[in-house]
Amino acid sequence: MKRNERHMGLLRISRATEFIAGQMAASVIVCTVLMIGAAHAGESYKAERAELDAAWLEASSFLVSEANRRFVAAKGLMGTDELERELGDAVTLLNVQPRTRGNIEKARIKLERLSGNRDNGEIAIFATYFLARLHEMHAQPPRLKDARTLYHRLLEEYPGNPIADRSASSLVLIDLYENISSEERARRFAALESLAPRLQSPSGKRDYHLNLGNAYIQFSEMERSRARAIFHLLTAEKEGITRWQTEAATWVSIGELARVEGRNELAAEYYKKFLAKYPRDNRHYTIKKRLEALSSGD
Amino acid sequence: MREKILNGIGFGLLAVCFVVALGRIVVMKLGFSHEGQRQVTVRIAHWQLENGPKEAFDKIAQEYMHLHPGVKVEPLPIPEKIYPNWALTQLIGETAPDIIQVRTWDNTLTRFFVPLSELVDKPNPYNKGTDLEAVPLRQTFFDGMEGGYHPLLLEYYWVPVSASSVRLFYNLDLLEEITGSRQLPATYEEFVALCEEIARYAKAERLPLVPIAGSSYNAPFLMKGLFSSQTQRLSEQLSDLGTLADDPIGRISDWLEGRWSFETEAVRSGLTLMRETGQYMQPGFIQMMRDDATLLFVQRRAVIICTGSWDATSIRHQVRFRVGVTPIPYPSAENPKYAKFTLGALSEAGTNAAVSFGLTRKAPNAEVARDFLLFLASRQASQIWTDVSGWIPAIVGTRPSSEVQPFLPVSDGYLAGLNPSVGNGPDTTRLFNTSLHLLVNPMGSVDSFIQTVKNRYPDTLISDLRRNLRANVDLIQRGDTQLAALGWIAREKKEAAHRLDIFLQADSANQRQYYRARLTLEKAGQPTQ
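Protein chains in written order, with the numbering used here: chain L, 9 to 306; chain U, 1129 to 1657.
It is possible that some hints are incorrect.
Unchecked claim - These stretches of chain U come out as covered by chain L in the derived footprint (C-beta under 8 Å, 3 or more residues): (1) 1363 to 1376; (2) 1530 to 1543; (3) 1613 to 1624; (4) 1632 to 1641.
Claimed, not checked - Pair by pair, the computed Cβ-Cβ distance ranges are: (5) Ala1652/U with Glu269/L: 30 to 38 Å; (6) Glu1391/U with Glu186/L: 26 to 34 Å; (7) Gln1446/U with Glu186/L: 55 to 63 Å; (8) Arg57/L with Glu1261/U: 36 to 44 Å; (9) Gln1446/U with Glu269/L: 43 to 51 Å; (10) Pro1554/U with Gly270/L: 37 to 45 Å.
Think of the hints as simulated: they come from the structure by calculation, not from any bench. For each residue, glycine too, the CB sits at the ideal point set by N, CA and C.
So here's chain L without its partners, still in its complex pose (with noise of 0.2 Å):
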């Protein structure tokens, strides 16, 4: 009896050891299985990053329809990628040859889509940006109105993000550059200049600053012109100009303003900035000689 309640035992043990190793080795084929599913997930999720990625390089070199290609190709993506390849899809349509109004509306729908849920966070910025700039510059005729909404919905909802900020220089161009009386310009220089403390990011103060210094220039017969333009001018300085074509030409123009204001310290500070920096400019002697001019007290 004793020896069949041992054998039992032994048998219980034998029979429970091999339930355990049985489960263990499960356990060890389900996570091997798991492991390398999701090494193929994995990789399967590198292929498909590195096609993004590949397809916003080739946007960026003005390979429009290739580029398109591949985000068309990606669809049905997870999460924020799938949002993301939404976004290139859109932008990528808008210049997609032939470009055709079929294309454009295609791209507004996506990028209605997309900008309309704040939650999309990055992808919202940029879709609300890029719709904006449809309704400003694709769509025929221009529905201005509505870009300015979405530019000044960007600035509310999202201070300091820098594309947000970029709608600043956007709405000076809207705003200013339109057939209306000085009264009404007046006005509106001044609603703009109170967007100034809203923004943040050294390019979009950049890109606002240079864009009302110069229409101080374009509407000279505003109060104060002059001086508002040297104003916004240095400030777009102070942000950094990083552009060539435009440093000189803000530099000249900070130097000519100043020169009629009578701050000529000011003006032959900028003006030996030019001549030391683009020797090689066509306005170079003509600079020379006004530095020379303002030297000798002329």
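Place chain U on chain L using the hints.
Same frame as chain L, but now just chain U:
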């Protein structure tokens, strides 16, 4: 029987030709040289068929092959007239040579050319042993390689090898024969006095000789330059203290607002100057072509011709007389008639390097071709270029020969004044070109020219401005996809952030031009679409 033999010989010759041609194709395909070595062939296409450049390319190719025995560089000179269509067909058909000369700024370039930006900040290995050994490639060009930079694509795409300028060429032997001196005029007054003397001489001697060889190609070089000297002060008065740069939209806007017209004294003075100069060219010159004017000069039937540095070597090759070269002479400060409107000679400081070459995307031997481009941009190749072609070199420190010296850009000079026919667009240019005979014909006058042009001028201005607006919209629209892509990439990649920043500033500048053009049309009561 005899016929059969002849036919047999004919077929035999045909078969031999076929076999030889087939053999050549096989050898070329397999890439073997005559010595049986494995060989890489780099083909470089260009349209510079003038005397000089063609030989210079051949010599540079030989030098490179000397350095790299396994490489064959094959320059392909293609006539300029068929070049654009030929190049496009080759590019689309993916049969383009490895390197081709380019002059278009079309954004579609990316489809066909490889950016060379990765090369520009590194020293050129072919400058080893020179003072440029450690200098980044970009800075070895006299213009900082601006001539190779695409301002919209924000990439370097081309390697330029030369530059150009416009000059007056004189037949020194004829000049000495007529005036007893080889002294060349330095001012407009001296230039006119010389032309008068030549005209008197030709009349007295009953010679078929004119002071200046003119044509629809050559005359505008001289006339437009002189015209612009008369509107320099006017342009300063009109300037709204902007950038002092040429501003076609501002010019059109000012005209529409009545700030200048053809009755403006300076504009009339410019037209008078043009007419005055035209009187010294052969009758009917406006109907003549470039070759007609060159022929007149090389055949000693004109003492002077105005053309570009690109014609210098060809002219020197064709003539037996000595040739003198000067910049265009402008009215001096003492000129009683013209001085009050002018500031002085025009600046050439902004001259960019040109005659540019790009590496094609489907280049069969891209690596070797890229290396050859570096050689082409070296001091050694630049010296060969200027010595053999007689053209201006693009690489700093290259010694131009005494024949090239007079063509080097003159930096000391003022900005050109406004010109009603330049920079607005094709409609305005066409109006001027088709009416020019009224100004320069002996029976014509400044008044008859103005009467004809002024009524049609507003329409052409508006249509050119609308064209300008459309071009700007197109530019901005095309840029939007690139802007979005750069913006997206730049969130994580610093190098893209710099490109984005430059792009944003270019986009702002384009947008400002667009809105200015739009407002000008609105003010003129014109549709903006």
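Query raised in the report: According to a criterion of three or more residues whose C-beta lies within less than 8 Å of a C-beta of chain L, is the segment 1632 to 1641 of chain U covered?
Result: It holds, with 7 qualifying residues against the three required.
Requested in this report: Verify the coverage statement for the segment 1613 to 1624 of chain U against chain L, using a C-beta to C-beta distance below 8 Å and requiring 3 or more qualifying residues.
Outcome: As far as the segment 1613 to 1624 of chain U goes, the hint holds, because 7 residues have Cβ atoms under 8 Å from chain L.
Query - Three-residue Cβ test at 8 Å for the coverage of the segment 1363 to 1376 of chain U by chain L - result: Coverage by chain L holds here, the residue count being 7 at a Cβ distance below 8 Å.
Report task. Could you say whether the range 37 to 45 Å given as a hint is met by the Cβ separation of proline 1554/U and glycine 270/L? Result -> Holds: the Cβ-Cβ distance is about 43 Å, inside 37 to 45 Å.
**Report entry** Consistency of beta-carbon spacing, glutamate 186/L to glutamate 1391/U, with hint 26 to 34 Å
**Finding:** Taking Cβ atoms as reference, glutamate 1391/U and glutamate 186/L lie about 31 Å apart, which means the hint holds.
Query - Range hint compliance [Cβ, glutamine 1446/U to glutamate 269/L, 43 to 51 Å] - result: Violated, since glutamine 1446/U and glutamate 269/L (Cβ atoms, about 57 Å apart) do not stay within the stated range.
Requested in this report: Go ahead and decide if the range 30 to 38 Å is satisfied by the Cβ distance of alanine 1652/U to glutamate 269/L.
Outcome: holds, 31 Å
Requested in this report: With 55 to 63 Å as the target window, see if glutamine 1446/U and glutamate 186/L comply at their CB atoms.
Outcome: holds, 59 Å
Query raised in the report: Three or more residues of the segment 1530 to 1543 of chain U near chain L by CB distance under 8 Å?
Result: holds (count 5)
Report task. Can you let me know if the beta-carbon spacing of arginine 57/L and glutamate 1261/U is within 36 to 44 Å? Result -> holds, 42 Å
The earlier numbered hint that this structure contradicts is number 9, and it is the only one.
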